[in-house]
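The residues making up each chain are set out below.
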Amino acid sequence: QKEVEQDPGPLSVPEGAIVSLNCTYSNSAFQYFMWYRQYSRKGPELLMYTYSSGNKEDGRFTAQVDKSSKYISLFIRDSQPSDSATYLCAMLASGSRLTFGEGTQLTVNP
Amino acid sequence: ETGVTQTPRHLVMGMTNKKSLKCEQHLGHNAMYWYKQSAKKPLELMFVYNFKEQTENNSVPSRFSPECPNSSHLFLHLHTLQPEDSALYLCASSQQTGEGYTFGSGTRLTVV
Numbered sequence: 001q002k003e004v005e006q007d008p009g010p011l012s013v014p015e016g017a018i019v020s021l022n023c024t025y026s027n028s029a030f031q032y033f034m035w036y037r038q039y040s041r042k043g044p045e046l047l048m049y050t051y052s053s054g055n056k057e058d059g060r061f062t063a064q065v066d067k068s069s070k071y072i073s074l075f076i077r078d079s080q081p082s083d084s085a086t087y088l089c090a091m092l093a094s095g096s097r098l099t100f101g102e103g104t105q106l107t108v109n110p
Numbered sequence: 001e002t003g004v005t006q007t008p009r010h011l012v013m014g015m016t017n018k019k020s021l022k023c024e025q026h027l028g029h030n031a032m033y034w035y036k037q038s039a040k041k042p043l044e045l046m047f048v049y050n051f052k053e054q055t056e057n058n059s060v061p062s063r064f065s066p067e068c069p070n071s072s073h074l075f076l077h078l079h080t081l082q083p084e085d086s087a088l089y090l091c092a093s094s095q096q097t098g099e100g101y102t103f104g105s106g107t108r109l110t111v112v
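Chains as they are written, first to last, in my numbering: chain A, 1 to 110; chain B, 1 to 112.
Any given hint could turn out to be false.
[To be verified] Derived lysine to aspartate or glutamate pairs resembling DMTMM-like cross-links, with alpha carbons at most 20 angstroms apart: (1) A:K42 to B:D85; (2) B:K19 to B:D85; (3) B:K52 to B:E24; (4) B:K40 to A:E3; (5) A:K70 to A:D7; (6) B:K36 to A:E45; (7) A:K56 to B:E99; (8) A:K67 to B:E99; (9) A:K70 to A:E102.
[Stated by the list, open to error] To be clear about the criterion: a stretch of chain A counts as covered by chain B if any three or more of its residues have a C-beta under 8 angstroms from a C-beta of chain B, and this derived list gives those stretches: (10) 38-49; (11) 94-105.
FYI, nobody ran anything at the bench for these hints, they're computed from the structure.
C-beta atoms are modelled at their ideal positions from N, C-alpha and C, and glycine is treated no differently.
Let the sequences and hints guide you as you build the complete structure.
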C-alpha cells in the first residue's frame with residue numbers, strides 16, 4: 001500500500017467551477033501537509049502549507065486536513081484557465097522527509 | 001525564479017556519455033535533494049544532503065553519482081545511463097530536513 005494515495009485524473013472543468021482535489025494517507029505520524037502546483041516544464045511550487053487538522057484559506061484556495069480520517073483536500077473556487085497544472089499533495093512527519101502523492105492533472109477550460 | 005537554479009534545462013545524451021547536472025540555491029538552505037520525475041509516477045527521491053553530508057541514498061544505481069561541495073551547490077554526475085533513465089530531474093532545497101521544499105525548474109534528460 002502506498003503511503004500517500006492521490007487520484008491522478010486527468011480532471012477537466014469549465015472556468016468558474018469549484019475544484020476539489022484529494023489525498024489519503026496511511027502514516028499517522030504525518031503532521032505537516034502541503035500542496036504543490038506544477039506547471040508544464042516547471043518544477044513544483046509550494047501552494048499551501050498546513051499543520052494538523054483544520055482549514056486554511058488563501059484567496060481562492062482552501063486547504064483542509066482531517067487527521068482522524070487521514071484525508072486532505074484542496075479546494076479551488078472560481079477556477080481559472082491559469083489554474084491548469086498538476087497538483088501534488090505532500091506530507092511529512094517531524095524531522096522526516098516529504099512524501100508526495102502521484103499528482104492530479106487539472107485542466108480548466110475557458 | 002524560485003531561488004533554486006538548475007542547468008542545463010534540457011540534455012540529450014548517449015548511453016556511453018558522461019554528463020553532469022548542476023543545482024545552485026541562493027536561499028541559505030542547509031538541505032538539498034535530487035528527485036526523479038517520470039510520467040505517471042510519483043516523485044522519486046534519489047539523494048538527500050544535509051550540511052554537505054549525504055544522509056540518504058534511496059537505492060539509486062551507481063551510474064548516478066551525486067556531489068555536494070558546499071551547502072549552495074549540488075551536482076549529479078551521470079555515466080552509462082539507460083533509456084529508462086530519461087526523465088525530469090529536479091533539485092530542491094529546504095532550511096532543514098523536515099521542512100517544505102523549494103524546487104528548481106528541473107533538467108529534462110533524454111538518453112538515446
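Those earlier numbered hints the structure runs against, lowest number first: none
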